[in-house]
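Following the hints, complete the assembly by docking chain D onto the known chain Z.
Going down the list, the sequences are from chains Z and D. Start counting the first sequence at 1; every next residue gets the next number (the numbering used here). Start counting the second sequence at 112; every next residue gets the next number (the numbering used here).
Take the hints with a grain of salt, since some may be wrong.
Claimed, not checked - Derived coverage of chain D by chain Z (criterion: at least 3 residues anywhere in the stretch with Cβ under 8 Å from a Cβ of chain Z; other residues may be distant):
(1) 155-167
(2) 170-183
(3) 209-221
What the hints assert, rightly or not - Taking lysine to aspartate or glutamate and the DMTMM-like style, the derived pairs with C-alpha atoms no more than 25 Å apart in a straight line are:
(4) D:Lys176 / Z:Glu85
(5) Z:Lys41 / D:Asp142
(6) Z:Lys107 / Z:Glu7
(7) D:Lys154 / Z:Glu87
(8) D:Lys154 / Z:Asp84
(9) D:Lys154 / Z:Glu85
(10) Z:Lys107 / Z:Glu85
(11) Z:Lys72 / Z:Glu7
(12) Z:Lys56 / D:Glu112
(13) Z:Lys56 / Z:Glu87
(14) Z:Lys72 / D:Asp165
(15) Z:Lys41 / D:Glu112
(16) D:Lys154 / D:Glu112
(17) Z:Lys72 / D:Asp220
(18) Z:Lys107 / D:Glu200
(19) D:Lys154 / Z:Glu7
(20) Z:Lys107 / D:Asp220
(21) Z:Lys41 / D:Asp141
(22) D:Lys176 / D:Asp165
(23) Z:Lys72 / Z:Glu85
(24) Z:Lys56 / Z:Asp84
(25) Z:Lys56 / D:Asp142
(26) D:Lys187 / D:Asp141
(27) Z:Lys56 / Z:Glu7
(28) Z:Lys56 / D:Asp220
(29) Z:Lys41 / Z:Asp84
(30) Z:Lys107 / Z:Asp84
(31) Z:Lys72 / Z:Asp84
(32) D:Lys187 / D:Asp220
As the list claims (entries may be wrong) - Short derived list, chain Z residues pointing at chain D, Cβ under 8 Å:
(33) Gly16
(34) Tyr34
(35) Ser36
(36) Pro42
(37) Pro46
(38) Ser54
(39) His57
(40) Tyr89
Note that these hints are calculated values from the structure, not bench results. Cβ coordinates follow ideal geometry from the N, Cα and C atoms, glycine included.
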Amino acid sequence: QTVVTQEPSLTVSPGGTVTLTCASSTGAVTSGFYPSWFQQKPGQAPRSLIYSASNKHSWTPARFSGSLLGGKAALTLSGVQPEDEAEYYCLLYYNGAPSYVFGTGTKVTVL
Amino acid sequence: EVQLVESGGAVVQPGGSLRLSCAASGFTFDDYTMHWVRQAPGKGLQWVSLISWDGSITYYADSIKGRFTISRDNSKNSLYLQINSLRTEDTAFYYCAKGTGGLITSPFDYWGQGTLVTVSS
Chain Z
1 QTVVTQEPSL TVSPGGTVTL TCASSTGAVT SGFYPSWFQQ KPGQAPRSLI
51 YSASNKHSWT PARFSGSLLG GKAALTLSGV QPEDEAEYYC LLYYNGAPSY
101 VFGTGTKVTV L
Chain D
112 EVQLVESGGA VVQPGGSLRL SCAASGFTFD DYTMHWVRQA PGKGLQWVSL
162 ISWDGSITYY ADSIKGRFTI SRDNSKNSLY LQINSLRTED TAFYYCAKGT
212 GGLITSPFDY WGQGTLVTVS S
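Bound conformation, chain Z alone (with noise of 0.2 Å):
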């Protein structure tokens, strides 16, 4: 059973900056995973704001940017907003499954 696991909740000032990670239980995230990363707010859908490691969608503000850092895959939060508080999940790809696995979720608070 794949488990890919992210920080249970971290909590970031207004302006400040966060980084959140994304770990798979079968070793280090490489691009060959195609991580993504969603936001999620109470009540609603999902939002796709990254996907292969690093690439934004026309809609992900410019404060949001994500990176391979240390074999896990990165979203970081620059300058957040209060409107960043949400649920954040990352997707990687495993090849051999073949088959796409969510993360456990971070939950930002921002205060």
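Same frame as chain Z, but now just chain D:
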């Protein structure tokens, strides 16, 4: 404007069956891989299944293999999920999501608003 509208969610008894639909518009449906994702109330997202642009390739999460069947009708711009032998743990919002291309690894871009399946006696 891309739109994905799910339907078919209902309250169903354990052991029952249900077919969910996702009506797509605003894009050339048969060019894109499509996915189903579910979310139990108050829980995280779970990827369920994908289908290639032409329906020739389907993948499923291990936990639902054998009970769920994904399909599509490109002439109707529609995606489907047949769920059999429903269990209480299948209670969830079911979302359809679109890939950015026709590859299995094409990233997700647009999501529907979801349809709620409740399995209860």
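Going through the hints against the structure:
1. 155-167: holds (count 5)
2. 170-183: Coverage by chain Z holds for the region 170-183 of chain D (4 residues, Cβ < 8 Å).
3. 209-221: Our answer is that it holds, as 7 residues pass the Cβ test (under 8 Å) against chain Z, meeting three.
4. D:Lys176 / Z:Glu85: Between Lys176 of chain D and Glu85 of chain Z the Cα gap is close to 35 Å, so the pair fails against 25 Å, i.e. violated.
5. Z:Lys41 / D:Asp142: Roughly 29 Å separates the two Cα atoms, so the pair is violated.
6. Z:Lys107 / Z:Glu7: 8 Å, holds
7. D:Lys154 / Z:Glu87: This hinted pair holds, its Cα atoms lying about 11 Å apart.
8. D:Lys154 / Z:Asp84: 20 Å, holds
9. D:Lys154 / Z:Glu85: This hinted pair holds, its Cα atoms lying about 17 Å apart.
10. Z:Lys107 / Z:Glu85: It holds: about 8 Å lies between the C-alpha atoms, which stays within 25 Å.
11. Z:Lys72 / Z:Glu7: Within the cut-off at roughly 12 Å; holds.
12. Z:Lys56 / D:Glu112: Holds, at about 19 Å.
13. Z:Lys56 / Z:Glu87: Judged against 25 Å, a Cα distance of about 18 Å means the pair holds.
14. Z:Lys72 / D:Asp165: Violated, at roughly 33 Å.
15. Z:Lys41 / D:Glu112: The given pair, whose Cα atoms are some 22 Å apart, holds under the 25 Å limit.
16. D:Lys154 / D:Glu112: Given pair Lys154 of chain D, Glu112 of chain D is violated - Cα atoms ~30 Å apart, limit 25 Å.
17. Z:Lys72 / D:Asp220: 22 Å, holds
18. Z:Lys107 / D:Glu200: 23 Å, holds
19. D:Lys154 / Z:Glu7: Holds, because 15 Å separates the two Cα atoms, which is no more than 25 Å.
20. Z:Lys107 / D:Asp220: 21 Å, holds
21. Z:Lys41 / D:Asp141: Violated. Lys41 of chain Z to Asp141 of chain D sits at ~30 Å, over the 25 Å cutoff.
22. D:Lys176 / D:Asp165: 21 Å, holds
23. Z:Lys72 / Z:Glu85: Measuring from Cα to Cα gives roughly 22 Å; hence the hint holds.
24. Z:Lys56 / Z:Asp84: 16 Å, holds
25. Z:Lys56 / D:Asp142: Cα-Cα ~21 Å, so holds.
26. D:Lys187 / D:Asp141: Within the cut-off at roughly 10 Å; holds.
27. Z:Lys56 / Z:Glu7: At roughly 22 Å apart (the allowed maximum being 25 Å), Glu7 of chain Z and Lys56 of chain Z satisfy the hint.
28. Z:Lys56 / D:Asp220: 10 Å, holds
29. Z:Lys41 / Z:Asp84: 9 Å, holds
30. Z:Lys107 / Z:Asp84: 10 Å, holds
31. Z:Lys72 / Z:Asp84: Measuring from Cα to Cα gives roughly 22 Å; hence the hint holds.
32. D:Lys187 / D:Asp220: 21 Å, holds
33. Gly16: 25 Å, violated
34. Tyr34: This interface hint holds because 5 Å falls under the 8 Å limit.
35. Ser36: 5 Å, holds
36. Pro42: Result: violated, 10 Å to nearest chain D Cβ.
37. Pro46: Since the shortest Cβ distance to chain D is 6 Å, the answer is holds.
38. Ser54: Constraint on Ser54 of chain Z not satisfied, violated at 12 Å.
39. His57: With a minimum Cβ separation of about 6 Å from chain D (threshold 8 Å), the hint on His57 of chain Z holds.
40. Tyr89: 5 Å, holds
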